[in-house]
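Novice: Chain by chain, the residues:
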Amino acid sequence: MSVFLLILAAFFLPLFPATMLFTRLAVSTQPLPVRLALVVFWPQIGVVLILWGELEPGPILATWAVMSALFYAFRMLTVREVGRWNAMLAVSAWPLVWLYALQTPAPVDLVAVTLALTTAPVLMLVVREVLVGRLGAAYTGLHGGLARDLPRLSGIIVVATLAAMALPLFPGFFALLTLLGSAPVGFAIGILLIWLLWSWAGARLLQGTVFGPRSGPVAADLTAPRAWGFAGLVVALTGAGLIWTGGAL
Amino acid sequence: MELQWLIALLPFLAALLVHLLAGRLGHRVAHLSVGINVIVVGIAAFQLALYITGDTGPQWMGLANGWGSLQLDPLSAIMALVVAGISLVVHVYSIRYMFEEPGYARFFMLLDLMTGSILLMVMAGDLITLLIGWHLIGVVLYFLLTHNTEPPRAQRYAFWTFITYRLGDLPLVLATVILFQAYGVLDLPTLFDRIAESPDARTVMGLPVTGTVAFLVALAAFAKSAQFPLHTWLPYTMEGPTPVSALMHAGIVNAGGIIINRFAPVFVHSSEVLHLLFIVGLLTAVIGSLMMLSQNDIKKSLGYSTMGQMGFMVMETGAGAFALSIFHLIAHGLFKGTLFLGAGNVIGAARRHDGVPNEPLYDFLVERKSAPARVPWFIIGAVTLIVPLVILVGAHAWVAERFFQQQGAIVLLFFGWITGVQVLFTAQRLDTENPLRMMALIILSFAVIVIGYVLVGHSFEAFLYPDAAFRDALYSSAGIDKLTFDVLVVLLAVVFVLGWIGAYLSRTRQRPMDKLPAGARLMLYSLLSRELYVADVHERVTDRLLALSRRLNIWLRWR
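Same order as they appear, the protein sequences are chains A and B. For what it's worth, my numbering labels the leading residue of the first sequence as 17, then goes sequentially. For what it's worth, my numbering labels the leading residue of the second sequence as 289, then goes sequentially.
I should point out that these hints are in silico values taken from the structure, not numbers from a laboratory. Be aware that one or more of the hints could be misleading.
[What the hints assert, rightly or not] Residues of chain A placed beyond 12 Å of chain B at every Cβ, according to the derived structure: (1) P33; (2) D125; (3) G248.
[Claimed, not checked] FRET-style restraints, in silico, Cβ to Cβ: (4) B:G342 x A:P123: 12 to 22 Å; (5) A:A256 x B:L304: 13 to 23 Å; (6) A:W244 x B:A750: 23 to 33 Å; (7) B:R384 x A:L37: 51 to 61 Å; (8) A:S44 x B:D831: 28 to 38 Å; (9) A:A243 x B:H315: 52 to 62 Å; (10) B:R838 x A:R230: 37 to 47 Å; (11) B:I567 x A:A236: 52 to 62 Å; (12) B:E560 x A:A240: 36 to 46 Å; (13) B:I567 x A:V148: 51 to 61 Å.
For every residue, glycine included, the Cβ atom is placed at its ideal position computed from N, Cα and C.
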């Protein structure tokens, strides 16, 4: 039973090659609310399985989780379609929950850390939707230099990317600190490498969208109310992250 | 009211206000930003004065759950004033300099965010706040460097800076984790007390906590302060606006020295890491100076000059002179900031006058000036070698007799002596009408500088590290075996003197470079012109990694 649950959980807190199911679903699902629901609830099913089955991941599973996360973080470097990039970000972040589960935390903390690691994919989904709506596609390098005439849109891309890089004060930052707080040094080095790769991939994403010479079709910028709406979402998520995982170490 | 909160928080408030009011105030928003920065400078100066005149000692203030705290101690008090002061100058300069640039309000918002981030890092009272400040510096710098969003070169070099800074962020995270796991606290005063109580704690594989943490902090400092081989970003980040270059070279790049000083209670137990700091700093100073001399681009030359200075600063910490490194970074920040902000005037002056000196024959015949003269080389040689040594030793002996018992002090005197000799040697080579007068003036200037520097330096050290035993412990920790040290000093002194003799003789006889075979000369030229191929190696590795990532994605059909 527990082995079956473990394998099942490996699909929801995805470990390579079970990751491919989520990446396929994330790219093929169309309406935004469904995508959002998929991103928010998918890893929580894994958390529920861990808690319900009282699964105790051993060091081998934890090592596999780090390697899987590292693998996808590395692959993110050359992905240009923002939706696919986001799916890879998610399957690079969620396996780290296994490391936290290794420390048998309180259920609420496990849920909180998983949600914190889900924040960036949620924000990036919104960004992808806005990009596709305005430019017809969300490819880095295809429609570059948006900062010149689409400052609000560029602003939300920047904020979502900074969240994807798990920079302070975004919830991902505190989630990673929580993970690192009691991780063995070997795993800690793995997490730091993943963190570095996210930063590299994020910077490449910014260079291919916000910065550089302007290319692509003329498009209207985000309206002020929508930009404020996004800012409100960011503030709410950051505030929730600070309250739930801000205690960090 | 605890005013130290305002020092770190007001710049963030300024950034928010600039963003919100930019549409309504237009270009006047810059004055709002400057106004708030004036208040920050005022509070920082007031706090420093209060700290010096009062007897409250270091103060710590934080939120309940262990992080989100600031502290006011000698290091944070003095650095807060320096950072806020330099930032204010850059703000004022930018009002007109950036006036016609697009994104005027965004620039001031970023400038305020950068000021706030540095102040947060400088004043952090716990490990998490320190990490937040440390991370934010790199991120905000990236956006400042890409302020002009279109030129690909600006993007490229801003990315180099960003990724190097991220490389420097992560060792500090690991150091934080190790410290928390070993000592179970986050706030710095308690942490340092516990380290002093049990400095022999062990971490993974039986490694000493203090040594491991010191090594990781040193790595973080190397990335932020452009130490070899993590220096390539510094000379290339001139694509950003000039005020950003000034702020970067005068303030941001000093973060390495500040973090090393902040962790002095850890470094005092880590002799090996102090030696590593010395070696890396020395290497960086030499390579930075060599590269500075071989550049034909003046801005890159300034960049390499900063690299050399940062190397010297790190080397000072490696010699145990922690306070001196802070004194150095403040002095360097002020003069380098002035150089950058005055660069436009230099260019203007160069357009009016090419600066090429006249031929001596022209001066003699047309300008009616007397022919240049020289003092006999033997007298000059003796004066050149002995006078700086006498001034340096005399000044230090006057201020602190026990100073000479520390190896670190001898190292610094040695470098001071070399610098003094080099100045006199260069002066001796100048063509001048009255060489004796020039020599006397230089010796006088040197004496004034050394005596002033020594007086201020020793007072500064006593202020920054009031505990004399701790200062001695830092010097002792940086020391090496006495015999090895003495041999090294004598050997290096001989090498330098021979070098000066060689340089003198090369003026009258064949130049040493001309004696080298053509192949060796070409190799040397290639090495220097390609800047030791460090950037090429970084690029090659990056390209390989990206190619591998792309291949993996193709194999797995992007899933």
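Novice: Decide, hint by hint, whether the structure agrees.
Specialist: The hints, checked one at a time:
| no. | hint | in the structure |
| --- | --- | --- |
| 1 | P33 | violated (9 Å) |
| 2 | D125 | holds (14 Å) |
| 3 | G248 | holds (14 Å) |
| 4 | B:G342 x A:P123: 12 to 22 Å | violated (50 Å) |
| 5 | A:A256 x B:L304: 13 to 23 Å | holds (20 Å) |
| 6 | A:W244 x B:A750: 23 to 33 Å | violated (53 Å) |
| 7 | B:R384 x A:L37: 51 to 61 Å | holds (59 Å) |
| 8 | A:S44 x B:D831: 28 to 38 Å | holds (32 Å) |
| 9 | A:A243 x B:H315: 52 to 62 Å | violated (22 Å) |
| 10 | B:R838 x A:R230: 37 to 47 Å | violated (26 Å) |
| 11 | B:I567 x A:A236: 52 to 62 Å | holds (57 Å) |
| 12 | B:E560 x A:A240: 36 to 46 Å | violated (57 Å) |
| 13 | B:I567 x A:V148: 51 to 61 Å | holds (53 Å) |
Hints 1, 4, 6, 9, 10 and 12 from the earlier list are contradicted by this structure; the remaining hints agree with it.
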